[in-house]
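From first to last, the protein sequence lines stand for chains E and P.
Under my numbering, the first residue of the first sequence is numbered 1, with each subsequent residue one higher.
Under my numbering, the first residue of the second sequence is numbered 1, with each subsequent residue one higher.
These are calculated hints, taken from the structure and not from any lab test.
There could be a bad hint or two in this list.
Said to hold, decoys possible - Derived Cβ-Cβ restraints for the label pairs, each shown as a range:
hint, chain 1, residue 1, chain 2, residue 2, range
1, P, 300, E, 160, 31 to 37 Å
2, E, 1, P, 297, 27 to 33 Å
3, P, 214, E, 17, 26 to 32 Å
4, P, 216, E, 51, 45 to 51 Å
5, E, 296, P, 73, 47 to 53 Å
6, E, 300, P, 113, 35 to 41 Å
Using N, Cα and C, we set each Cβ at its ideal position, and we do this for glycine too.
2 protein chains.
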Amino acid sequence: MSLLVTGSIGIDTVEAPSGKVVDALGGSSVYFSYAAGFFGPVRFVGVVGEDCPADFLKPLHDHPNIDMAGLEIREGSKTFRWHGKYHEDVNERDTVAVDLNVLAEAGPVIPEKFRDSKYVFLANTHPALQVELLGQLTAPELVVADTMDLWINAERESLMGLLERIDGLVLNDSEAKLLTGQPNVVQAGMEIAKMVSRFVVVKKGEHGSLLFADGGVFTFPAWPAAGVVDPTGAGDSFAGAMMGFLTARDSIDTATLRRAIACGTVTASFNLEDFSLNRFFQISQADIENRLKQFEELTRF
Amino acid sequence: MSLLVTGSIGIDTVEAPSGKVVDALGGSSVYFSYAAGFFGPVRFVGVVGEDCPADFLKPLHDHPNIDMAGLEIREGSKTFRWHGKYHEDVNERDTVAVDLNVLAEAGPVIPEKFRDSKYVFLANTHPALQVELLGQLTAPELVVADTMDLWINAERESLMGLLERIDGLVLNDSEAKLLTGQPNVVQAGMEIAKMVSRFVVVKKGEHGSLLFADGGVFTFPAWPAAGVVDPTGAGDSFAGAMMGFLTARDSIDTATLRRAIACGTVTASFNLEDFSLNRFFQISQADIENRLKQFEELTRF
Chain E
1 MSLLVTGSIG IDTVEAPSGK VVDALGGSSV YFSYAAGFFG PVRFVGVVGE
51 DCPADFLKPL HDHPNIDMAG LEIREGSKTF RWHGKYHEDV NERDTVAVDL
101 NVLAEAGPVI PEKFRDSKYV FLANTHPALQ VELLGQLTAP ELVVADTMDL
151 WINAERESLM GLLERIDGLV LNDSEAKLLT GQPNVVQAGM EIAKMVSRFV
201 VVKKGEHGSL LFADGGVFTF PAWPAAGVVD PTGAGDSFAG AMMGFLTARD
251 SIDTATLRRA IACGTVTASF NLEDFSLNRF FQISQADIEN RLKQFEELTR
301 F
Chain P
1 MSLLVTGSIG IDTVEAPSGK VVDALGGSSV YFSYAAGFFG PVRFVGVVGE
51 DCPADFLKPL HDHPNIDMAG LEIREGSKTF RWHGKYHEDV NERDTVAVDL
101 NVLAEAGPVI PEKFRDSKYV FLANTHPALQ VELLGQLTAP ELVVADTMDL
151 WINAERESLM GLLERIDGLV LNDSEAKLLT GQPNVVQAGM EIAKMVSRFV
201 VVKKGEHGSL LFADGGVFTF PAWPAAGVVD PTGAGDSFAG AMMGFLTARD
251 SIDTATLRRA IACGTVTASF NLEDFSLNRF FQISQADIEN RLKQFEELTR
301 F
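If we strip away everything but chain E, and leave its shape as in the complex, we get:
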């Protein structure tokens, strides 16, 4: 089965209580594809500018499961940059600077050989662009998207058009409340579940996630992480592992989806333990499987 991701590639500067990285590898499609790569092949689509250092994406180019044929190096453009600073409580952060650069230009073109992808993740971007990217695909079977408060506030009509066309939506609890006007996150999730064809995952950061599917609600705690260095990319890593697992199993029934969310949870928990993708570079699928077993043990009652 084939999994495709479209999203950002970022040159990130991150400050946190335990340190700082400058011009580090980041971006939604980067975190997503590396996390998905623990489970099987993934097709990468994203754009950088000509300023992007030649070896910046080497960990992805070198990865046996990541097909970089969808990487565009756009002449005359500059790469997306983000600078964030986490508080003493790393669940809160400020954006110090953001330069959209190439992300504010035309979207990527999905390579011909990727167009038959069955499993598709449209990472957060303008919903009109997500619809356009979806239009380039010939036979998608499970399309899942992420979104953010900016589009909910400023591009609601466009976003609603996207929701009609996708199977699953992944978003934060604050975004779910914003989208529905519901202060109760469970109510919010149930309402959004009616806007898409299959499921909604509401991410609650350190508090875990909720799945709305088959008319039911399923709840997952987070991995109890005692040492959080840098939460950047945790949501995209979660989504990457979730979609990677579904693709590997080639199933989207609710039982598989629940297992996929648990995989997403523990995979994201590794990502928190160091800056950028550094922790991912040290682990294998066996580490994820071991932690998944531990996660099962410490959530049973």
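With chain E fixed as given, assemble chain P onto it according to the hints.
Relative to chain E, chain P alone:
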């Protein structure tokens, strides 16, 4: 086995988006004992003033599992009153008015026939009073206490003295962070677990709870409640069901404790569904057992 609770009896006025109750039954020992009563006998200790209406505690007096021999009606004193107002998001509230009244006076005397209690819950009050109450017991085997930010800030030494003498502590996530100065709740819980002899439960409200016991961390989501009317007393109901279950099983091993926390979670989830103890008056232990089975189902992966 015998379970004893010491705590407050409150005349509560509660405003919430879905309505309001005036002079309603409340207080920590009230919620606790009613929740514990679903699982077995509970010995009630608390004080009201002479202003307390004669039938105010009728639901407890009429309850076959609640022994009210520890109720003191103090002449010349007034009953504790609390008035709270919940926000549109009912996870936040303001205290409109609080009159400690009898709670600011001498503590209760534990009746002679209650002094051999094996399982003991000391609900939130001044830690010196909690120690004094504990001193009235002759053979406690599992002593669990609750506390709050006020005592952490103003009576830390006294609180530390209490912690040395108890087996378990139940507190909120913000209180756990305050007590330890740790912004990470898992780190905070692990540190507090070293201050007591057996376990710590960190309550996270709508996000569930964490158990620190046997050197490990266990994590529990909340019941995904779509219709929250009034969260008042949820924490005390949680503790009551947890302690009631442990007492009924007469076991405090970690596996039993984990099951007890799940019982606390679902019992508290009923309490949220109406003002005061009104929802509890409509349910039986069978309803709790059914919801516990559903909770198991929707948390498995």
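Evaluated hints:
Evaluation of the 31 to 37 Å hint for residue 300 of chain P and residue 160 of chain E yields a pass: the beta carbon distance comes to about 33 Å. For the hinted restraint 27 to 33 Å between residue 1 of chain E and residue 297 of chain P, the CB-CB distance of approximately 28 Å keeps it satisfied. Our hint of 26 to 32 Å for residue 214 of chain P and residue 17 of chain E holds, since their Cβ atoms are close to 29 Å apart. At about 48 Å, the CB distance of residue 216 of chain P to residue 51 of chain E agrees with the hint of 45 to 51 Å.
Between residue 296 of chain E and residue 73 of chain P the beta carbon distance is about 51 Å. The supplied range of 47 to 53 Å therefore holds. Under the hint 35 to 41 Å, the C-beta atoms of residue 300 of chain E and residue 113 of chain P, about 39 Å apart, fit the expected range.
Violated hints are absent here; each numbered hint is respected by the structure.
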